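Residues per chain, in single letters:
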Amino acid sequence: MPIQYYLFLSLTLFVIGVMGTLIRRNAIIILMCIELMLNSVNLLLVAFSKWHQDGDAQVFVFFSMVVAAAEVAVGLSIIVMMYRKVQSVDINILNRLKH
Amino acid sequence: MGVYELLFWVLTLWAISSAMGVILSRNPVNSVLCLILTFFAISGHYILLNAQFLAIVNIIVYAGAIMVLFLFVIMLMNLNADTEPQKNRLTQLAGIISGGILFLVLLSALRVSTPRTLDPVPLEIGLIKNLGRTLFTKFVLPFELSSLLFLSAMIGAVVIGKKGNQEQAKNS
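In order, the protein sequence lines correspond to chains A and B.
Note that my numbering has the first sequence beginning at 1, numbered continuously upward.
Note that my numbering has the second sequence beginning at 1001, numbered continuously upward.
Just so you know, these hints were derived from the structure itself, not from any lab.
No experiment lies behind these values; they were computed from the predicted model shown.
Be careful, since some hints might not be right.
Derived SDA-like pairs: lysine to any residue, alpha-carbon spacing no greater than 25 Å straight-line [said to hold, decoys possible]:
1. A/Lys85 to B/Val1068
2. B/Lys1129 to B/Met1075
3. B/Lys1162 to A/Ile93
4. B/Lys1129 to A/Phe60
5. A/Lys85 to B/Val1158
6. B/Lys1162 to A/Phe60
7. B/Lys1129 to B/Phe1053
8. B/Lys1162 to A/Glu71
9. B/Lys1162 to B/Met1075
10. B/Lys1162 to A/Leu7
11. A/Lys85 to B/Ser1152
12. B/Lys1129 to A/Trp51
13. B/Lys1162 to A/Val74
14. B/Lys1138 to A/Lys85
Okay, the calculated beta carbon distance ranges per label pair [as the list claims (entries may be wrong)]:
15. B/Ile1155 to A/Gln53: 18 to 26 Å
16. A/Phe60 to B/Leu1102: 21 to 29 Å
17. B/Leu1107 to A/Trp51: 26 to 34 Å
18. B/Ile1155 to A/Gln87: 20 to 28 Å
19. A/Val86 to B/Ser1017: 50 to 58 Å
Even glycine gets a Cβ: it sits at the ideal position worked out from N, Cα and C.
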């Protein structure tokens, strides 16, 4: 199995995540698309770990999962706080920093 | 086409179609379920790549913990209705076009790379024994730092979550 296939698979998943971030308005779904992008990069790291036959990349994936878990905890609590204030998770309401 | 290739293509189609389901479904609960399916497909890829420990951790942490957190938040906010406001057509079209352009640019950059084959040889590096040895010898400092990160994220989540209550208590 050429490693290019894994490159293209990760690229496709990453671009799907980018598109979801751009076209959706729900803040929770945008957070989920960020998770999708993180996972596609993790998959590529594991593929290269197998190619180099080195376990360090898998440890790196482990740390990126840790960071993703912390990010989701804080991000979801921010979304919950925003929902309490404005009763919506629409990101178009979040442009108050502009004015 | 051997079993390895067949499994690769099945898992690839599964991952891409469920990832499309994440961004295309109107209902946020369906999006979360599609994302869980995507994570299972990615775990299957990890098993094909001899990363057995990461496959299990991916299922436990992502599909288990993180997605349940998402589901809890969506159901607490009562968002499981199909009445979500959509962006207007022009913005959606612009998003799809810019994502497609990013795809084309990266694809054309990666297309010319020299092909290397990943042989389906049995490797031992993905097992918990070897991975744990690497984690606790070479990467012991980042491991401890990640515990600090978790602690600060936990405190941050609690503080952010409590703030509204205190203000409400002050106002009332």
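Is it true that the CA of lysine 1162 of chain B sits at most 25 Å from the CA of isoleucine 93 of chain A?
-> holds (22 Å)
Given pair status - serine 1152 of chain B, lysine 85 of chain A, alpha carbons within 25 Å = holds (24 Å)
Indicate whether the distance between the beta carbons of valine 86 of chain A and serine 1017 of chain B respects the range 50 to 58 Å.
-> 34 Å Cβ-Cβ, so the 50 to 58 Å window is violated.
Satisfaction of hint between phenylalanine 60 of chain A and lysine 1129 of chain B, Cα-Cα up to 25 Å = holds (16 Å)
Compare the distance between the alpha carbons of lysine 1162 of chain B and methionine 1075 of chain B with 25 Å, and conclude whether the hinted pair is satisfied.
-> Cα-Cα ~19 Å, so holds.
Within 25 Å, alpha carbon to alpha carbon, are lysine 1162 of chain B and glutamate 71 of chain A?
-> holds (18 Å)
Decide if the proposed pair is consistent with the structure: lysine 1129 of chain B and phenylalanine 1053 of chain B, CA atoms, cutoff 25 Å inclusive.
-> holds (9 Å)
Proposed proximity, valine 1068 of chain B with lysine 85 of chain A (alpha carbon, max 25 Å) | holds (24 Å)
Straight-line Cα separation of lysine 1162 of chain B and phenylalanine 60 of chain A no greater than 25 Å?
-> violated (33 Å)
Lying within 26 to 34 Å: is that true of the beta-carbon distance leucine 1107 of chain B to tryptophan 51 of chain A?
-> This hint is violated: roughly 20 Å between Cβ atoms.
Would the pair lysine 1162 of chain B and leucine 7 of chain A pass a check requiring their Cα atoms to be no farther apart than 25 Å?
-> violated (43 Å)
25 Å Cα cutoff - pair lysine 1162 of chain B, valine 74 of chain A | holds (13 Å)
The structure does not agree with the numbered hints 2, 6, 10, 14, 15, 17, 19 stated previously, though it agrees with the rest.
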